[in-house]
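**Q** In order, the protein sequences belong to chains A, B and C.
Heads up: the first sequence runs through residues 7 to 383, numbered per the numbering used here.
Heads up: the second sequence runs through residues 4 to 321, numbered per the numbering used here.
Heads up: the third sequence runs through residues 527 to 801, numbered per the numbering used here.
Rather than coming from a laboratory, the hints here were simulated on the basis of the structure.
A couple of the hints might just be wrong.
To be verified - Part of the chain B face toward chain C, derived, beta carbon under 7 Å: (1) 168; (2) 198; (3) 202; (4) 212; (5) 216.
Just so you know, even glycine gets a beta-carbon here, dropped at the ideal spot from N, CA and C.
As a plain string of letters, each chain reads:
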Amino acid sequence: MIRPASDRNKAEIAQVKSAGTASAAITSPIVERQNTNANRAVSFISGADRHIRRRLMLSRIFAAVCRFATYSAMAILIVLLVAIVWSSVDRLALDFVTNTNSTNPTRAGILAGVWGSFWLILFTALFSVPVGVGSAVYLEEIAKDSFLVRLIKVNLANLAGVPSIVYGILGYTVFRSSAAALGLLFDGHHVVGMAGLFRIRLSKLPIYEDNILVGALTLTLVILPTVIAASQEALRSVPSSIRVASLALGATRWQTIWRQVIPAALPGISTGVILSTSRAIGEAAPLIMLGALTYTSMCPGSIDSPTKLLTRPSQVLHAPLDQFTAMPIEIYDWSKQPDSRFTAVAASGIVVLLIVLLSINSVAMIVRHYASRRLKW
Amino acid sequence: MTQANLPAWARLRVSRRHEKFIQVLLFLCAALSVLTTAAIILVLLGNAVYAPGAKKAFFEHVSVWEFLTGTHWKPVEGESGRFGILPLLSGTVMVAVIASLVSVPAGLGAAIYMSEYAAPAEREFLKPVLEVLAGIPSVVYGFFALKFITPWILKPALSLFGLDLGTFNVLSAGIVVGIMVTPLIASLSEDVIRSVPRSLREAAYALGSTRFDVSARVVVPAALSGILAAFLLAFSRAIGETMAVVIAGGQQPIATLNPLRGAQTMTSFMVHASTGDSAADSISRMSIYAIGITLFVITLTINLISGWILRRYREVYQ
Amino acid sequence: MPTITSGNVPPSVAGVDRELDMSAHSAAIEARRLNFFYGEHQVLFDVSLTVPERSVTALIGPSGCGKSTFLRTLNRMNDLIEGSRCQGEILVEGQNIMDPAVDVVLLRKHVGMVFQKSTPFPKSIFDNVAYGPRVAGEKNRAVLADLVESCLKKAALWEEVKDRLTTSAMSLSGGQQQRLCIARTLATNPRIILMDEPASALDPASTDRIENLIGELCANYTIVIVTHNMQQASRVSHQTAFFYKGQMVETGPTMKIFTHPSEKQTEDYITGRFG
Ligand SMILES: Nc1ncnc2c1ncn2[C@@H]1O[C@H](COP(=O)(O)OP(=O)(O)O)[C@@H](O)[C@H]1O
Ligand SMILES: [Mg+2]
Chain A
7 MIRPASDRNK AEIAQVKSAG TASAAITSPI VERQNTNANR AVSFISGADR
57 HIRRRLMLSR IFAAVCRFAT YSAMAILIVL LVAIVWSSVD RLALDFVTNT
107 NSTNPTRAGI LAGVWGSFWL ILFTALFSVP VGVGSAVYLE EIAKDSFLVR
157 LIKVNLANLA GVPSIVYGIL GYTVFRSSAA ALGLLFDGHH VVGMAGLFRI
207 RLSKLPIYED NILVGALTLT LVILPTVIAA SQEALRSVPS SIRVASLALG
257 ATRWQTIWRQ VIPAALPGIS TGVILSTSRA IGEAAPLIML GALTYTSMCP
307 GSIDSPTKLL TRPSQVLHAP LDQFTAMPIE IYDWSKQPDS RFTAVAASGI
357 VVLLIVLLSI NSVAMIVRHY ASRRLKW
Chain B
4 MTQANLPAWA RLRVSRRHEK FIQVLLFLCA ALSVLTTAAI ILVLLGNAVY
54 APGAKKAFFE HVSVWEFLTG THWKPVEGES GRFGILPLLS GTVMVAVIAS
104 LVSVPAGLGA AIYMSEYAAP AEREFLKPVL EVLAGIPSVV YGFFALKFIT
154 PWILKPALSL FGLDLGTFNV LSAGIVVGIM VTPLIASLSE DVIRSVPRSL
204 REAAYALGST RFDVSARVVV PAALSGILAA FLLAFSRAIG ETMAVVIAGG
254 QQPIATLNPL RGAQTMTSFM VHASTGDSAA DSISRMSIYA IGITLFVITL
304 TINLISGWIL RRYREVYQ
Chain C
527 MPTITSGNVP PSVAGVDREL DMSAHSAAIE ARRLNFFYGE HQVLFDVSLT
577 VPERSVTALI GPSGCGKSTF LRTLNRMNDL IEGSRCQGEI LVEGQNIMDP
627 AVDVVLLRKH VGMVFQKSTP FPKSIFDNVA YGPRVAGEKN RAVLADLVES
677 CLKKAALWEE VKDRLTTSAM SLSGGQQQRL CIARTLATNP RIILMDEPAS
727 ALDPASTDRI ENLIGELCAN YTIVIVTHNM QQASRVSHQT AFFYKGQMVE
777 TGPTMKIFTH PSEKQTEDYI TGRFG
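Given only the sequences and the hints, what does the whole structure look like? Please build it.
**A** In structure tokens:
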């Protein structure tokens with residue numbers, strides 16, 4: 007039935023040629039083919055048409071280029087991880103996580119940064135989760151479409167695009183000066199009313215204006231738009247039949263939200279919240295703007311081991327008002343040291359930071375996995 | 004009086020009032036974001052443009068004209084101080100342009116590959132890879148640029164052409180910022196490309212298109228405005244990127260377009276100024292607000308344009 | 527829907543001579559024992575059908591019986607559906623298009639397709655029509671302009687759009703968009719045009735125009751049209767094939783199918799007893 011492609015090819019070329027000579031005025035191959043429509047012989051065999059061969063080649067090259075772009079992202083990720091682990095071998099050891107910073111690269115460790123980041127994230131989560139989930143609940147479940155609500159939504163979309171360093175300026179100007187004012191209040195002898203109660207414990211300890219709470223408040227503002235967006239998405243994925251069913255049973259709106267909608271959205275909310283909070287761990291710029299310490303060997307509240315969390319309550323109380331550094335800040339500081347032995351220190355710091363981030367992300371993945379399994383039951 | 008010994012209808016009233024209270028509380032949470040924006044604007048304006056009371060705002064020392072057109076940046080007290088933002092702006096734009104040169108082709112290529120070519124299982128595997136790439140902190144990329152890309156890749160490559168590369172240089176900073184924003188472009192563009200209806204692709208195939216024709220002549224042009232919005236968003240992200248640029252890009256505020264040398268960007272100056280031990284109301288500190296407002300206005304403008312384009316794009320296919 | 531009985535088959539559109547003897551026409555398409563599967567789900571069972579050249583063949587049958595699936599196998603559009611599988615033989619002008627060596631790009635240029643929903647590209651009217659020739663490598667603007675004009679004329683759209691070729695195709699009305707899609711298909715210079723319910727989303731006036739257009743085109747093109755509307759099938763086609771539950775129950779000259787169907791199922795369907 008099917009003639010060999012080469013034969014057909016010749017036949018077609020011959021035909022096109024004859025048609026071309028017949029109407030010399032027309033130069034376009036397309037029009038030539040149109041004119042030969044009536045009696046052309048066609049072949050659908052691949053490779054029969056040189057032009058289509060070229061196009062198919064182009065198509066394959068294009069696919070290869072796109073695949074290359076995609077997989078080079080993965081290659082870069084691997085190169086980055088290998089380069090960092092490889093740079094860290096000179097320093098990465100157990101004492102890197104048990105030592106605090108030092109001017110001696112063989113002794114410098116990240117303990118102060120780890121504790122700083124721990125306190126920061128603890129308070130960032132404490133501030134951002136209720137406010138973030140609350141906003142999302144308001145926007146998704148309660149708000150009617152009004153000018154104000156539209157303003158809030160547009161505003162949130164744009165806040166997400168504000169560079170984090172700008173929040174640093176805000177934190178530096180507002181929170182830090184408020185903390186400074188508060189410090190004056192407690193340290194001076196003008197304490198009035200209820201403030202006196204707190205004074206008993208705190209006045210003996212210095213209150214810093216660039217403290218953990220100020221840092222956490224700033225980071226809260228940085229991640230709040232993302233937390234809200236993630237929670238909104240989780241709430242939106244709750245089927246509206248749940249709401250209708252609950253309301254039909256005579257539950258009030260708030261009961262419906264609190265007992266039905268939020269529990270149903272909880273896995274999604276927690277995954278989203280964990281992921282957005284983990285972004286805060288890597289943030290350095292806004293904290294540096296606040297005046298976070300770039301070099302310190304002190305952990306906040308001098309708490310340098312988990313047992314002290316239980317045995318030193320007054321230090322625990324002091325920690326949120328103490329000065330701090332954080333893992334990414336120490337990494338930044340080590341990276342810019344001219345002494346090349348600090349390269350390994352910085353790389354070790356990155357390894358620790360990435361391990362922390364990886365663990366937190368795995369928790370989020372596990373929550374997501376567990377929740378999706380539970381929903382199937 | 005507890006709720007339990009009230010009649011049923013009264014209990015309901017109480018719980019309604021209780022609900023009203025919760026609603027107000029939730030509204031305040033949501034309104035906090037508006038407050039944040041207001042605070043950012045007030046703080047920036049209040050220190051850059053007009054400061055109430057005895058304190059003098061930055062633009063009360065330096066004229067706006069000098070700030071916007073000056074070609075020297077030397078933020079010191081007294082006669083020798085120069086406050087032209089152009090050197091910082093040129094550094095910033097260079098980083099963002101290099102980042103775009105890296106991220107636009109890579110991100111768009113990845114988006115096309117994931118939406119048009121990859122099998123579902125392959126997509127499931129590639130998406131998390133891009134998410135991880137996007138989740139790596141900026142300082143890590145800075146380190147990677149300074150300690151790996153510059154000495155191990157760019158220096159040897161450029162020396163083949165007889166070019167000399169500084170330890171701190173805009174090129175490596177721009178490249179890593181490009182890597183950082185590639186996942187953003189890829190995922191946003193993939194979303195818009197996917198929203199191009201399947202019927203359009205089928206129609207193109209039915210006209211004798213190859214896959215390349217379908218992607219490059221129908222799908223991408225149909226999604227073009229959405230893709231453009233993604234590029235703009237990534238560009239604005241690159242402009243505001245800080246730590247990678249601080250670490251790898253150097254701290255010389257020089258007006259240059261040579262990416263092989265170091266240059267200070269707006270963000271890296273801000274970090275530099277706040278790690279120095281200048282007094283809180285020194286002119287160097289106050290200049291942070293002027294630069295902050297510039298950065299804020301630039302990024303906000305780009306984001307607004309991007310959002311506007313994206314909304315118009317969505318209207319076409321819904 | 528008024529039922530069709532032997533007495534009241536509507537008159538055909540101009541250009542479609544239902545009394546035409548098609549035995550003289552050579553076969554443009556011959557499908558032989560076609561079985562089609564979406565994954566494990568079989569939707570075509572041993573379908574065989576011959577489509578004569580330069581004629582209109584209508585495919586009718588209740589929704590979900592596999593008409594579109596059959597139509598889409600004819601230019602291998604189903605290749606795009608993950609997990610689909612096709613067994614059997616389809617000869618287009620004598621060549622088996624199921625052959626793995628067949629180039630679908632060439633095939634689809636030869637066997638064009640118009641869809642139920644009009645699918646103009648978000649480009650100008652001109653660029654829509656010029657799309658096919660352009661991807662095929664034509665760059666000469668004058669040649670393209672001639673081609674666009676002649677195709678729009680063949681699709682009976684030229685008079686309405688000749689002054690606004692550069693405006694977006696999205697601004698056309700539904701009926702105009704569908705005729706634009708037909709013009710766009712003509713511009714790739716096919717010999718066979720497949721139409722999947724091309725008028726089902728259109729108002730009566732636009733439907734009328736499409737039907738008349740089919741009557742004009744069938745002098746030069748082989749047309750296979752899927753339609754839900756039995757009056758339409760009887761107005762525009764020379765030959766009708768009735769599909770039911772994935773099988774081709776009966777095929778024959780349109781007048782015969784609508785006046786003396788030989789199968790009970792066909793009769794039930796065209797008299798409106800089901801579907
Ligand atoms: N892409 C698809 N995947 C799986 N099943 C499909 C797909 N398209 C159609 N089907 C199924 O194949 C059968 C025939 O569909 P179709 O050919 O569209 O029927 P018709 O055009 O006659 O209404 C239907 O049962 C339909 O559900
Ligand atoms: Mg159908």
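**Q** Which hint numbers does the structure go against, in order from smallest to largest?
**A** 1 and 2
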